[in-house]
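Residue numbers (numbering that gives the first Met the number 0), protein chains in the order written: chain A, 0 to 428; chain B, 0 to 428.
I should point out that these hints are in silico values taken from the structure, not numbers from a laboratory.
It cannot be assumed that every hint is accurate.
The list makes no distinction among identical chains, and a pair is therefore deemed to hold if it is satisfied within one copy or across any two copies.
Computed cross-link-like contacts, DSSO-like style, restricted to lysine-lysine with a CA-CA straight-line distance of at most 27 Å [to be verified]:
| id | residue 1 | residue 2 |
| --- | --- | --- |
| 1 | Lys-118 | Lys-52 |
| 2 | Lys-50 | Lys-343 |
| 3 | Lys-303 | Lys-178 |
| 4 | Lys-178 | Lys-289 |
| 5 | Lys-5 | Lys-29 |
| 6 | Lys-50 | Lys-118 |
| 7 | Lys-303 | Lys-29 |
| 8 | Lys-327 | Lys-303 |
| 9 | Lys-343 | Lys-303 |
| 10 | Lys-343 | Lys-5 |
| 11 | Lys-176 | Lys-327 |
| 12 | Lys-5 | Lys-35 |
| 13 | Lys-289 | Lys-52 |
| 14 | Lys-303 | Lys-289 |
| 15 | Lys-118 | Lys-343 |
| 16 | Lys-184 | Lys-118 |
These numbers come from a predicted model, not from an experiment.
2 protein chains.
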Amino acid sequence: MEAELKEMLDDLESLGRSLPDPSRNASIDKLRSRVKHLSELAKFAPAHRSKVKDMSAEVVDSNPYSRLMALQRMGIVENYERIREYSVAIVGIGGVGSVAAEMLTRCGVGRLLLYDYDKVELANMNRLFFRPEQVGMTKTDAAVQTLSDINPDVVLESYTLNITTVQGFETFISSLKNKSFRPDKEGSGVDLVLSCVDNYEARMVVNQACNELNQTWMESGVSEDAVSGHIQLLIPGETACFACAPPLVVASGVDERTLKREGVCAASLPTTMGVIAGLLVQNTLKFLLKFGHVSPYLGYNSLKDYFPTMEMRPNPQCANAACLERQKEYMLAKPARDAAAKAKMEAEAPSAAECPLHDDNEWNISVVDDSDTKRTDAASSVRADALPEGLTRELPSADEFKNASASGSADTNIDDLEDLRKQLEALNS
Amino acid sequence: MEAELKEMLDDLESLGRSLPDPSRNASIDKLRSRVKHLSELAKFAPAHRSKVKDMSAEVVDSNPYSRLMALQRMGIVENYERIREYSVAIVGIGGVGSVAAEMLTRCGVGRLLLYDYDKVELANMNRLFFRPEQVGMTKTDAAVQTLSDINPDVVLESYTLNITTVQGFETFISSLKNKSFRPDKEGSGVDLVLSCVDNYEARMVVNQACNELNQTWMESGVSEDAVSGHIQLLIPGETACFACAPPLVVASGVDERTLKREGVCAASLPTTMGVIAGLLVQNTLKFLLKFGHVSPYLGYNSLKDYFPTMEMRPNPQCANAACLERQKEYMLAKPARDAAAKAKMEAEAPSAAECPLHDDNEWNISVVDDSDTKRTDAASSVRADALPEGLTRELPSADEFKNASASGSADTNIDDLEDLRKQLEALNS
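I would like the entire structure built from these sequences, with the hints used as guidance.
Take a look at the structure:
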């Protein structure tokens with residue numbers, strides 16, 4: 000636009016020179032001042048930043064990655080720049096998905112795949128991200144517009160489709176399988192799928208796709224009254240899938256589709272959705288960059304600021320066939336996992352013994368060593384779920400039930416943790 | 000800009016008519032087509048939404064408040080529209096303050112006062128809100144630009160100043176005192192101050208101002224390694240002020256100003272800052288619209304997804320003179336508070352007895368009534384901090400210490416809760 004305006008000024012100049020009548024020059028002057036005023040206005044139009052080849056840790060105001068690369072110097076992340084290799088798919092670009100997309104974009108993730116079929120409405124303006132001037136655009140187009148302005152280094156793929164349709168599901172699956180971004184990647188073409196949809200049906204579709212592709216994903220949700228929410232990590236075969244533990248509506252025999260009544264407007268708040276998006280992407284970063292502890296489930300009750308956590312094992316009677324397939328694979332791979340864990344422990348053990356955890360102990364804090372007690376406990380081989388003397392179970396325990404249903408593969412059914420502890424003992428003795 | 004371009008077309012039209020030479024008309028035509036092209040480009044410039052007089056609960060896509068007004072129908076908030084009466088001051092428009100401002104703007108708060116002296120840099124792009132094209136603008140100007148586009152109904156006041164300077168502090172105080180937005184408001188001109196600054200000195204200045212004005216405020220912060228943060232509610236005289244419990248750096252005798260070394264770049268993440276901003280504004284909404292429980296302190300450890308809470312009473316030996324003044328006032332107002340609490344309890348008691356808490360009990364859940372036990376405990380008048388038989392204290396208890404230092408006003412020093420419990424007992428007997 001600025002070039003266009005400059006050319007207009009030149010045109011006016013030559014037109015002015017060719018006019019004999021000075022009164023007409025006054026008209027030209029007026030036009031010229033208008034063009035100059037427009038040039039001033041145009042200066043405030045978006046100026047995009049250029050792409051950055053390598054993430055630099057240099058501390059200068061012009062470096063968009065300095066505060067992220069500082070995570071390495073602070074000892075939080077081992078190699079922050081690896082984030083550029085990762086692909087994350089976000090299904091549902093609403094109040095949670097759009098903010099999650101913005102956070103990952105600002106963190107400089109390698110590639111984002113965005114899925115939504117909806118359009119931006121003024122009624123969405125009580126949540127973050129979308130702007131009133133984007134009303135009428137598809138959410139995917141509006142998101143790509145904003146995100147590419149914020150960080151041109153992120154590869155954005157937008158899919159304007161409904162994953163619950165047959166055609167939509169096929170495109171969804173094939174886009175997740177596409178490995179052109181990182182051909183040497185194992186498994187699917189993405190590192191994580193984030194489900195940010197607002198209904199049961201769409202969640203079941205994401206669950207189906209991820210079970211089929213053996214794809215780790217995270218689920219998120221916000222309640223209809225806008226004041227609570229949750230995130231959940233789902234690893235096919237290892238944790239419960241979305242169909243393993245049916246939600247309350249299913250337990251009550253209510254079809255959720257009938258709950259989404261015409262004209263009934265759920266409440267929503269930018270705060271709750273911002274918190275859930277933040278917790279979701281924080282756990283995404285921990286998962287991708289391997290730091291901290293990735294929460295298997297984290298709830299948020301905003302009225303009380305209460306954050307429940309829990310862990311859910313897969314249901315051996317899950318109705319989802321692909322889930323049962325993944326559960327079987329996970330059990331069969333147990334010996335290999337154990338060997339890898341043992342090797343890792345052996346490799347790490349000597350270095351841990353070499354130096355104390357905290358070198359400078361300004362406050363003279365000391366910890367009482369109770370490792371002897373622990374070893375005695377472990378040696379007595381008491382099962383974690385053993386009952387106190389005199390008590391019996393009315394129902395078989397979950398582990399016994401699993402042993403019975405797993406038809407003969409008894410040696411792979413021992414609790415992971417206990418097994419590892421025994422191996423550790425054997426190493427120590 | 001569109002109006003400007005339309006006037007240019009008219010000017011060219013009349014200029015063209017006044018020219019006798021048809022060859023010059025060609026120049027005019029060229030200019031005309033340029034202006035038309037610019038008009039096309041201008042169409043993609045932001046289109047603002049018009050102001051809304053009353054918040055409507057109507058469920059239509061074009062209503063920016065439908066999802067917020069739904070909080071009333073869902074029984075969360077009694078009167079959502081009251082939010083338009085409230086003024087919130089945000090000190091520090093960085094990674095937390097800018098997102099807090101956007102959330103409150105999208106919630107339709109009445110008036111926002113924004114304070115910052117800094118400019119937008121590319122190095123800020125790893126946090127939400129600011130866009131690359133705003134680099135070089137002051138943070139306050141950039142915020143007003145974005146926020147007024149998002150919601151023109153919010154009254155925005157921007158103060159580009161440093162509150163830690165003498166002149167800045169004076170302007171800060173007088174802007175908080177200004178009651179022109181709601182002349183009948185009691186106390187200061189704002190309902191809440193949110194501190195979103197990044198250093199100890201600025202926090203102490205906010206603390207000083209709020210203690211002087213008897214202004215309730217909330218403090219927020221994110222650690223230098225970007226993976227933890229907190230929010231805290233401070234009510235002068237009632238809770239600890241920021242000077243009551245000196246942070247670690249003060250306890251260690253380290254001057255925090257020396258910690259902010261030149262060239263040392265703290266890490267930051269859009270996730271942690273988004274979560275802290277979300278928790279801060281959620282508690283702001285609970286405080287202003289009177290729902291749920293406002294957390295006195297809430298921490299966020301993102302590596303473990305751990306959220307510690309605590310409550311801090313004011314320090315009777317606080318170094319801040321205004322804090323001691325507020326503590327004295329709070330103690331003297333105790334009889335009035337007790338009377339009000341008693342009246343409220345009496346007014347609410349009968350209606351609570353009339354109907355069961357949950358009318359439909361689909362799952363047949365019943366609660367064992369242990370109210371008899373409780374009443375016996377209360378009747379025995381054992382103090383909550385009494386020691387088991389045979390034990391004595393080495394140091395005087397906190398309550399005894401407070402009694403001694405409060406010079407004679409012994410009857411106002413009884414623990415609030417215990418006092419209320421005794422009144423309740425008297426009512427019940």
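Hints versus structure:
{"no.": "1", "hint": "Lys-118 with Lys-52", "in the structure": "between (34 Å within a copy, 26 Å between copies)"}
{"no.": "2", "hint": "Lys-50 with Lys-343", "in the structure": "neither (39 Å within a copy, 62 Å between copies)"}
{"no.": "3", "hint": "Lys-303 with Lys-178", "in the structure": "neither (44 Å within a copy, 33 Å between copies)"}
{"no.": "4", "hint": "Lys-178 with Lys-289", "in the structure": "within (22 Å within a copy, 51 Å between copies)"}
{"no.": "5", "hint": "Lys-5 with Lys-29", "in the structure": "both (16 Å within a copy, 14 Å between copies)"}
{"no.": "6", "hint": "Lys-50 with Lys-118", "in the structure": "between (29 Å within a copy, 22 Å between copies)"}
{"no.": "7", "hint": "Lys-303 with Lys-29", "in the structure": "neither (64 Å within a copy, 66 Å between copies)"}
{"no.": "8", "hint": "Lys-327 with Lys-303", "in the structure": "neither (40 Å within a copy, 30 Å between copies)"}
{"no.": "9", "hint": "Lys-343 with Lys-303", "in the structure": "between (41 Å within a copy, 22 Å between copies)"}
{"no.": "10", "hint": "Lys-343 with Lys-5", "in the structure": "neither (64 Å within a copy, 72 Å between copies)"}
{"no.": "11", "hint": "Lys-176 with Lys-327", "in the structure": "within (22 Å within a copy, 68 Å between copies)"}
{"no.": "12", "hint": "Lys-5 with Lys-35", "in the structure": "both (9 Å within a copy, 15 Å between copies)"}
{"no.": "13", "hint": "Lys-289 with Lys-52", "in the structure": "within (24 Å within a copy, 50 Å between copies)"}
{"no.": "14", "hint": "Lys-303 with Lys-289", "in the structure": "between (31 Å within a copy, 13 Å between copies)"}
{"no.": "15", "hint": "Lys-118 with Lys-343", "in the structure": "neither (49 Å within a copy, 48 Å between copies)"}
{"no.": "16", "hint": "Lys-184 with Lys-118", "in the structure": "neither (34 Å within a copy, 41 Å between copies)"}
This entry does not satisfy hints 2, 3, 7, 8, 10, 15 and 16, going by the numbered hints stated previously.
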